[in-house]
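Q: Chain by chain, the residues run as shown.
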Amino acid sequence: MAQNSKPTGVLDSLGEEIIRIIVPVSVCMFMVVVLVSVLNSSSLSSSSDSVTSIATIAYAETSTDSSWDKFVGALLNSLVFVAVVTVVTFILVLLFYLRCTKFLKLYMGFSAFVVLGFMGGEIALFLIEDFSIPVDCVTFVVILFNFAVVGVLAVFMSKMAILVTQGYLVLIGMLVAYWFTQLPEWTTWVLLVAMALYDLAAVLLPVGPLRLLVELAISRDEDIPALVYEARPVTYNDLDSMGGVAQRRVWRERRGENSDNSSNYNPNANSVFAETVDSGSNSTLNANAVPASNSDSNTLVSERNDATLIRVEEGRVPERDAEPSTDSTPLLDHRMNFQQQQQQLEDAVSSENLMLEGIGLASSGAIKLGLGDFIFYSVLVGRAAMYDFMTVYACYLAIIAGLGITLVLLALYQKALPALPVSIALGVLFYLLTRLLLEVFVVQCSLNLLMF
Amino acid sequence: MTVAAGIGYALLALGPSLSLFVSVISKKPFLILTVLSSTLLWLTSLIVLSALWRGFLPLKSTSWWPYGLLIFTSVAFQEGLRVFVWKGYMRLEDILNTFADKVSKPRLYLTDKMQIALAGGLGHGVAHAVFFCLSLLTPAFGPATFFVDRCSQIPFFLVSAIIALAFVTIHTFSMVIAFSGYAEGNKVDQFFVPVVHLVAGMVTLINFASGGCVIGIPLLYFIAILTLIHCGRMVWRRLIGNGRTQGNL
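These protein sequence lines map, in sequence, to chains A and B.
Note that our numbering numbers the first sequence so that position 101 is 101, with each residue one more than the last.
Every number in our numbering is 1000 more than the matching position in the second sequence, counting from 1.
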């Protein structure tokens, strides 16, 4: 009937890319909240208090200190952590400048293995203990080893099914975030704020290490080694698609990104772990069981370093080296992907910038988000879960709103932007407001069965 | 309460919205974004209200008029906010239509506009259910349950889930009615929504009396069903009228 000839409206597919990045972020946050509530509600308290890492070197919080002491201690911890991260990022920039890509990749693979194998193993042990799952050591080790190895392969060999790769990335983010929620409370909050500020500085200041990294990568047309989550690109199959090519270009397109990039993902490593060599106290690269604390801080540092930028590519030609995965950037960036038909590598980038009238949604293109963003968002929500679930819901909405705002800003400014500050700021704000104001109000009304 | 009971209460409050979400909203990503933003907006309005009233809480639980005042101010604030939401929606509609023209697609259909309104209302309803009902459920898992003095026949969580369901319905469909009323300039619809919201809020005051929930909750459901029927009739009228002018839908 007439129904069949009605053309699809504009509402059918608008905003799909944003949803494809919001869903994995939400899944990661949800899993961290579940882990936190399941593992913390059980009486398994002893090990969690003794997490020592770079983030608690300066001060170990005990519950008997006064608020001011805790705050000052947390501040010291965060300063130390941010300093370490800065040093490490500069080392990464240096290594990238000296073209030690193999080393970076190897190191990245190693860190992924450590996260999946050791941290995942410890959490699995907690769960087994809690739920009394009958499994013997040999089976457990075999399964864990396989799990970790497949994870490393998925994250590096880009020919895996994209769902497997995405799943493992979310899992890595979740594991690291869970370990971060084990830090003392004040330290966690001040650390989040400090990292957001660091991110802001590192990306926007001219001397910021992340900005240097990005510029280096652009000038060389190479990819920055890091762990990046990439959403699938959206392809539009419309009747007038061929005719409407020119009109649908709303972002600057990337040269040379072709369709198989959608299944690629290049987690070139981050050699940040070189840092462990200098900080003598943390000698991580031991083959024996690394204390979770050390590995946690190290891995975290490795991943979050290049993982928190957002930027729009400006038509770089990616380096086609032996690896099939030449995707770039740890950053959030947009690519055009027109129905498998891509511009040639040397196409002149159309510098026209048809911005989408202020909505900020690309008509088609994949969005990439660094894993550090996943981790810190989940840490915030996990910490909120340790207080109450009302704060969880409020912080979740705030973080998603922050992510949306960042994407809009990305559309407006068309340059490298940090993904953390807006979301963390909104998240912390909403957490405080909910905890101090909303909870009393809502509980008062609800208990008297008064609702509106 | 046990986990099974907890899930049951959560589904009681949010089941219809979940099915609405899965069947209508999840098909169009833009509607998911609308639901998320309107949930955030409702949360923000709730935070502002709690900031305003924080100095006066906890209220004495004997007299009902402070609560009445609280509900009145809250509803008034939220209805005022709805007018702003409408203005924001007008701008959004313009942006979407311009974008549609640019990519040579048809402009927003009537059903599209109603779906956006529905998504907005669903966001409000879900926010209500989550913050008034679910957030009290989740910390309370365990072997026992909790009863309130004023309504001691059924557990507190069940009562709050039932009330939340009624309010979810009211919120979801009043947004559709309100947007349609503002679009058509229909005064009846424009006033219907704030009045219904206020009456529903005031009806919950009846729960304040001991044993009052036996009367209060059926009244609330009566209001919810009234909203539902009014919305259904209005939508039917508009769609049929639209179909006649366009020849087909």
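Hints are not guaranteed to be accurate.
[To be verified] To list a few chain A residues with every Cβ distance to chain B over 12 Å, as calculated: (1) 66; (2) 69; (3) 91; (4) 103; (5) 150; (6) 385; (7) 394; (8) 412; (9) 429; (10) 439; (11) 446; (12) 447.
[Unchecked claim] With a Cα cut of at most 20 Å, we get these calculated SDA-like pairs of lysine to any residue: (13) B:1027 <-> A:447; (14) B:1102 <-> A:26; (15) A:102 <-> A:91; (16) B:1060 <-> A:447; (17) B:1027 <-> A:26; (18) B:1113 <-> B:1084; (19) B:1105 <-> A:15; (20) B:1105 <-> A:437; (21) B:1060 <-> B:1148; (22) B:1105 <-> B:1093; (23) B:1113 <-> A:26; (24) B:1027 <-> A:232; (25) B:1060 <-> A:437; (26) B:1113 <-> A:103; (27) B:1027 <-> A:15; (28) B:1027 <-> A:9; (29) B:1060 <-> A:8; (30) B:1027 <-> A:8; (31) B:1102 <-> A:411; (32) B:1027 <-> A:20.
Hints listed in this document are in silico derivations from the structure and should not be mistaken for laboratory results.
Keep in mind it's a predicted model, so treat the numbers as computed, not measured.
Here a beta-carbon is modelled for each residue, glycine too, at the ideal position from N, C-alpha and C.
Q: Next, verify each hint and record whether it holds.
A: Against the structure, the hints come out as follows:
1. 66: holds (25 Å)
2. 69: holds (28 Å)
3. 91: holds (39 Å)
4. 103: Nearest chain B Cβ is 41 Å from residue 103 of chain A, so the label holds.
5. 150: holds (30 Å)
6. 385: violated (10 Å)
7. 394: Not fine: 6 Å to the nearest Cβ puts residue 394 of chain A too close to chain B.
8. 412: holds (14 Å)
9. 429: violated (10 Å)
10. 439: violated (8 Å)
11. 446: violated (5 Å)
12. 447: violated (7 Å)
13. B:1027 <-> A:447: violated (37 Å)
14. B:1102 <-> A:26: Roughly 32 Å between the alpha carbons, so the hint for residue 1102 of chain B and residue 26 of chain A is violated.
15. A:102 <-> A:91: OK: residue 102 of chain A and residue 91 of chain A at ~15 Å, within 20 Å.
16. B:1060 <-> A:447: Answer holds: residue 1060 of chain B to residue 447 of chain A is near 13 Å, not above 20 Å.
17. B:1027 <-> A:26: It holds: about 18 Å lies between the C-alpha atoms, which stays within 20 Å.
18. B:1113 <-> B:1084: holds (17 Å)
19. B:1105 <-> A:15: It holds: about 16 Å lies between the C-alpha atoms, which stays within 20 Å.
20. B:1105 <-> A:437: Violated - the C-alpha atoms of residue 437 of chain A and residue 1105 of chain B are around 46 Å apart, more than 20 Å.
21. B:1060 <-> B:1148: Given that 20 Å is the threshold and the Cα spacing comes to 16 Å, the pair holds.
22. B:1105 <-> B:1093: holds (14 Å)
23. B:1113 <-> A:26: violated (27 Å)
24. B:1027 <-> A:232: With Cα atoms ~17 Å apart, residue 1027 of chain B and residue 232 of chain A stay inside 20 Å; holds.
25. B:1060 <-> A:437: Cα-Cα ~18 Å, so holds.
26. B:1113 <-> A:103: Violated: residue 1113 of chain B and residue 103 of chain A sit about 55 Å apart, past 20 Å.
27. B:1027 <-> A:15: With a Cα-Cα distance of about 12 Å, the restraint between residue 1027 of chain B and residue 15 of chain A holds, given a limit of 20 Å.
28. B:1027 <-> A:9: Holds - the C-alpha atoms of residue 9 of chain A and residue 1027 of chain B are around 13 Å apart, at most 20 Å.
29. B:1060 <-> A:8: violated (56 Å)
30. B:1027 <-> A:8: holds (13 Å)
31. B:1102 <-> A:411: holds (18 Å)
32. B:1027 <-> A:20: holds (13 Å)
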